[in-house]
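Colleague: Residue numbers for the sequence shown, in the numbering used here: 4 to 161.
Think of the hints as simulated: they come from the structure by calculation, not from any bench. Incorrect hints may have been included.
Stated by the list, open to error - For each label pair, taking beta carbons as the anchor points, the in silico distance ranges come out as: (1) T138 to P36: 37 to 43 Å; (2) E143 to E70: 37 to 43 Å; (3) D86 to K17: 18 to 24 Å; (4) D73 to L15: 34 to 40 Å; (5) P36 to D76: 20 to 26 Å; (6) T141 to G66: 31 to 37 Å; (7) E116 to S38: 39 to 45 Å; (8) D73 to E113: 33 to 39 Å; (9) S38 to K79: 40 to 46 Å; (10) N29 to R77: 30 to 36 Å.
As the list claims (entries may be wrong) - When the alpha-carbon atoms are kept at most 27 Å apart in a straight line, the in silico DSSO-like pairs for lysine-lysine are as follows: (11) K79 to K114; (12) K82 to K114; (13) K17 to K82; (14) K17 to K79; (15) K17 to K114.
Yeah, the Cβ is synthetic: ideal placement off N, Cα and C, and Gly gets one too.
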Amino acid sequence: AYSTACVLSTMLGKYINVPEVSIAINTYELRNPGSDLVLCNSDGDGAGAFKHTDLASVIREAGLHTEVSDVFDREKVDKCLNDGGMIIYVVGSNYGGRYTYGSHYIVIREKTETGYLVYSSTNWSNSYNDDYCNTENTAEELSNLAVSHGAQMILVNY
4 AYSTACVLST MLGKYINVPE VSIAINTYEL RNPGSDLVLC NSDGDGAGAF KHTDLASVIR
64 EAGLHTEVSD VFDREKVDKC LNDGGMIIYV VGSNYGGRYT YGSHYIVIRE KTETGYLVYS
124 STNWSNSYND DYCNTENTAE ELSNLAVSHG AQMILVNY
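Please put together the full structure from these sequences, using the hints given.
Modeller: This is how it looks when you write it as structure tokens:
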């Protein structure tokens with residue numbers, strides 16, 4: 004929910020907090036009767052939102068365009084960023100603890116001369132290391148996440 008709140012706040016130009024995102028996830032089915040999307044698990048804690056194509060539906064409902072990809076497509080990433088968009092990148096497990104030891108969302112915010120600036124909310128695996136909150140990653144590093152850990156991207160644009 005942190006990464007989604009970051010993207011929505013930045014792109015919509017207004018503050019969207021994590022509880023608002025959680026409410027949107029947990030009430031999606033109420034707003035969209037007959038939808039086959041199941042965004043929360045039986046406990047109602049929103050964990051089912053980790054179905055990334057479903058999360059993209061919540062973002063589209065906010066008025067933004069999304070595209071989901073199972074591969075790191077540098078051309079699409081560059082175009083999205085150049086057009087003012089952002090990318091929610093779902094990092095797979097066992098990436099050496101850099102971002103997480105389980106699944107975790109990071110946000111690709113901008114292109115730099117040597118790679119991409121990535122925002123990651125602090126989680127249990129990096130809570131004592133602020134260096135992981137805003138890092139620069141090469142295209143190869145980001146691409147390897149998709150290849151070796153089943154990462155997915157949600158490209159978000161206007």
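Colleague: Determine which of the earlier numbered hints do not hold for this structure and return their numbers in increasing order.
Modeller: Structure breaks hints 2, 4, 5, 8, 9.
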